[in-house]
Structures are given as C-alpha cells and as structure tokens.
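Got chain A; can you put chain B on it based on the hints?
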Amino acid sequence: MTRKGFKSLLLLLAAALLLPLCAAPALAALDARALLKESESRHRTKTQQYSGDLTVVNKEGKVRKKGWNSYRQGYAGDSKNLIRFTDPPEVKGVGFLSLPRPGSDNPDQWLYLPSMKRERRIAPQDRDASFVGTDFNYEDMEEFDHEKYKVALQGEETLDGQPCWVITAIPLEKGGKSIYQKRILYLRKDILYLVREDLIRKGDKEPAKRLILSDIKNVEGHYVAARMEMTDLKKGSHTTVTLKQISFNRPQPASRFTLQNLTREGGD
Amino acid sequence: MITRLLILFLLLLPCSALAEGFSGYAELKGFAYGERFSGEPYGAGWGTLYNKWEQRLAESQFTASLRAEWLTAPQTTPLVFDPADRKLRRPPISVPELWLRVPLAPSHDLELGRFQLGWGKTDGYSPADAFLPRDVTDPFADEKLPLWAIRLSGQEENLRYQAVLVPVTTPWRLPPLGSRNAPIASGALPEGTRFYEKDDQPPLPGFAALRLLATHGDWDLGVWARSGVRPAPILEFSLDPALQTGPVPVISVGRRYPREHGVGVEVSRVAGPYVLRGEVAALFSADRELGDALIGTLSVERGFGDGTLLITLAGNAIDPPVDPTLLFDRGLLPALIVAWNQTEEWGVWKLVWDCGLTRGDGLLKGEVGYNVTDTWKVTVGGDLPYGSDKGPLGALHGARRLVAALRRSW
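Chains as they are written, first to last, in my numbering: chain A, 323 to 590; chain B, 30 to 439.
Next comes chain A alone, as it looks inside the complex (with noise of 0.2 Å):
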C-alpha cells in the first residue's frame, strides 16, 4: 500500500468512527426543534384574553398582589398586547400597550398613568430588570421563539407522573441579548406543552430560576397553564400567575391596540 492509499484508509477509517458522534446530536437537534414546532403549531391561538391575579411571595413570606386584565392579538414576534391592571388600589387603572413593529425585534411600548394623564412611550426594557417588582424579568415575558435557539434533545423525564421530553435550549443572540446562558425545557409528551423551565445564567452552572406551568386546562380546545409559579433559586422568593376566564381566538376589535383605547380610563 501506497503512503497515499494509507492516507485514504486512515480517513476512511476515521470518518467511519467519527460520523456517528457528529449525526446523532444533529439528529437529536433535528427531534427537538421538530418537537417545538409542533409544539408552536398546536399552541397557535390567533388572539387570547384572560383576566390575570399575580402573587409575589419574597423570602420572608411576604406576600404583595397585583390584578390585570390580558388581550393579545397574534402569536410570538407578531403579537399586540395590552394590559391594564385592576388591582391594588395604587396601580389599577395603569395600562401597557406592545404593538410589533416590522423589521425590528423591539416592538413599541406605551404605558399609561392615570396619575399623569397622558401615554408615555417607553424604551426597549433592561432584560434583566424586573416585571413589576415580581420574579420575572423582561425577558421572561417575552413569548419563547425556538427559532433564536439552538435546540437539542437531551432526553426523558417524568414530572408528576407525566412524560416529558427534556430540551436544551441556548440563545443564539438573534433579535436581543439574552441574559441566560441555557434554558432547560420540559416538554409533556402527550400534548407536547411546555411544563417546567430551568434557566440557567451566563457564568453559572446551576439553574437560577425555574418556571412550572401547572393547572392545565383545555379551554375552546386549546390546552392552557391556568397557573405559571416562578421561583428565584437563589432569592428564594417566587411569584404565581393565575389566568382566569380565559378565552382564545374571540376577534378583538381593532380599537383594542391603539393608543386612544390605552388612554381611556375605565376601559378595556
């Protein structure tokens, strides 16, 4: 044999060896980024409005309230929003508008103070910054696009005697800097919805918050988490969503997500 032809052999042989390793994370990624997007697919509402009561429990037990009313318009990057909050006495009446604007990953923000009179328009939030003194941050609002992810198939879980597909998901920076370094998602696998989530921060290898999706409900024949909690790891605090009288795919008026509806004190 050649020094050539050993050549050939050797890179045979490790090709060989190596394309397995290489095809199964790739089939792996294949299954899960199929999995979401079924997952999207099934999920899909064209509008959805509920009535929202959110619970913030810090260390110490405290405990703080707050009430909404949620109209949406759309799904993921193409969605309007408006909330208006009914609840404490110190915020109700104060409402936030989020309308898409074409070509940018930021849409346009507008809150409304009652005590101001006017709309204000807000600048693209710090992702990090807390929604509404809870555990939630900016970024935790934002509907998951797997499409800004890197997905892989890391295995199977049980949670509550369900099965679950578990997913890694990493930030691949489009549309915004993410402030996690990997989210772990678990998937139920006969409806395939998002039940728990594990987020882990850039620079720790722990995860730092967990969101559990419980209360599944089918409401108009759509599954639903009537109730999201989400933990601080390290805080120890947690804070809990609780959707009520939910309904999908009602037409919302045009009206709804403009800035004169937002500016209507006792509306919708």
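Take these hints with a grain of salt, some might be off.
As the list claims (entries may be wrong) - Label pairs and their in silico Cβ distance ranges:
#1 B:L431 / A:D482: 47 to 57 Å
#2 A:Q567 / B:G68: 26 to 36 Å
#3 B:W405 / A:K499: 33 to 43 Å
#4 A:Q567 / B:Y415: 45 to 55 Å
No wet-lab data here; the hints were simulated from the structure. For every residue, glycine included, the Cβ atom is placed at its ideal position computed from N, Cα and C.
Just chain B now, with coordinates in the frame of chain A:
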C-alpha cells in the same frame, strides 16, 4: 369637625372594598417644619378622604369622585361646596372627577364633564401642560386641577387628535400670601406686612385647544394650539389707605387673568435605551405685564432596572416684563430638573432636584414609600428649598419640612 370625624371613622373601617366600581383612599399627613414662620407653628396636619366610582354604561363610561379634606394650615375656606373650584382657597369638599365618555365610533370619543388633562411630552416641565390650572396650596405637591370641559378625541391609523373646549375658567389656586407656602421674598416687604386678598371672581370663559399627534417609527410628533383665558393670575398689589389702621402696612392683593394664545410643537423618540423628548411653545399676550414667551424644553429618560432617571432642561427665551417669581407657571425658568424614581420589592423611593439656573435657588426632594400591605402604605420624605430668596423656590425657605403620611387604599 364633622369632616375630621368622618376621616377618622373611615380610616378605622376594616373593609377592603366598598363595592365593585368603588375605589379610593384615606390619608393622614403630618408636616414638621424647620422654623416658625409669621406665627405659623412648627407642625401641620392634613387629612384626605377620596372616593371614586366608575361605572360602564353599555359602551359608555361614567366616573365620579368626591374628596373631603381637613387642613390645619394653610386653612381652607369655611365649609363650602365649590364644584367649579373658582374660590380663592381650597374647598374642604370637592369633585375632582365627574365625567361621561360616549364613543362616537370605535376609536373616537366624546367626553363631557369634569376631568384632568395631561398633554405635554416632557415630564418635569412641559409648556403644553403649563397652561393647565394647578393647586399650589401645597407648593411641593404639583397637583393639577380638573377642568369643566368637553373633549373630542380619536385616532385614525397613526394620527390622533384632541379638541378641548373649556367653557369655564378654573383658576390656579395659590397659598395664602404671607404664609410659609407663598413664594414671596422675606426681605421684600416690611416685617409684619399683612395681605388683604380679595376673593374677586375670575372671568367666566376658559379656553379652547386643539392637539394633533402622529407616530412614525421611533418618532412621536405633535402640534397644538390654544386660545383663551390664562388660568394663572397676575397679582396686583396696592396700598389702600382705608386698610392702614395699624402699625404694619396692609397690602391689598387683586388677581387679573389675561388672555393668552399659544402654539407648540412636541417631538419625542426612542433611541436605544433612552427616550428623548422636546417641546417648544410660542405664547402671545397683549397684556403688557405678561407679554410673550418662547419656552423650550429638552428631556432624556433612561430606565435602570425597575427605576427611571429623568433629566429635563427648560427655559424661556424672552424675559418676562413682570417679576418672574410671580409668574407661577414659569417663575422657575430657566431650570434643570433631575428626577430618579425607583420601585423596590418593599415599595418605592424617589429623589428630585429642581434647580433654578438664574437665581441659584432650587428644591431637593426625597421620598420613601413603604408598602406595609397592598392597601396600607407609609411614606416619609422631606422638601428642602434652598438658595436665594429672590427665586420662587428659595423664597419658600420657611416651608422646609419633613413629611410623614399613612394611606389606606381600597
């Protein structure tokens, strides 16, 4: 006395909500001053009971609110109901809101009644808001007065409009002259000077105004125009020989309300994590003591975590022909205003610095609000006017104070 008892009684009520559609608060405030001023004591109290009722009537919205107050100093008028808010002093019972909104089309509304307006883009100081009447009974509270008005507003695509007709002038309400809350330099008048303030009637007609707004990408643009009676009075001082009965002079004070016309432009835009805002307004008056003004403001806002830092620069390019201290809506100009508001897990705090750039006076204000529960809140803070007493804030040196408040909301 009845008002005091009512406030105390309601503060003690354990209920969290009276009924659906009702909200409000009861608040007790205490002020501790750094000095006695013209016989006023070191302390003062202020009790407020506020109730609001909101009701949907099909597509329409009805809102009414009633406020009862008890002040130790400066005193309100004797118990009187003044729904138009045209008296010299703050009435103990008032109607801050009484309005009905009727939608004429999905994004077009007609509102009638009594409500507050907020127009300007720049926070801290806005020429578009400056013409609106204010109650400076508490000079550091920056409280807008509601108007009796008709408002037509709407939106088509990215264009919005507001047309406002205010048939009745609601005048600015000032603290009693000669009190610690009135911005008059202590050395400007002989010691012990007394003021005789005439409760003269402000003119009946108010003003009309139109505002157009457009949003395009990162930009928000607006133009406005208004014409009518200026609600901030020009004070007229005179020595009436008939009033000079003692050893100290008695100065008679009248109020005059000139007409003023104005046009303005508002611009704001988002630039990364910042929001930049600017306004310019040209104001015209034939009144020789008021004259014209060209007011401009620039502000920048930046969010930090759960807080906001706001810096505003405001100035008037035309020197007023009257002592600027007594032009209550623009006396501080030119000014730098810096405000930091922060929300914490336990409550909120804010720091404000108003700095007059000509006379070297200003105001430092700090406040911490602690949420005991979702409905009980304790606030402590202080207001420190400083600098030359020839400036409107420096002249308030007698009003340096610490404030503590307890609020129960429902």
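Against the structure, the hints come out as follows:
1. The supplied range of 47 to 57 Å is met by L431 (chain B) and D482 (chain A), whose beta-carbon atoms lie about 54 Å from each other.
2. For the hinted restraint 26 to 36 Å between Q567 (chain A) and G68 (chain B), the CB-CB distance of approximately 60 Å leaves it violated.
3. At roughly 40 Å, the beta-carbon separation of W405 (chain B) and K499 (chain A) lies within the given 33 to 43 Å, and the hint holds.
4. For the pair Q567 (chain A) and Y415 (chain B), the beta carbons lie near 53 Å from each other, so the given range of 45 to 55 Å is met.
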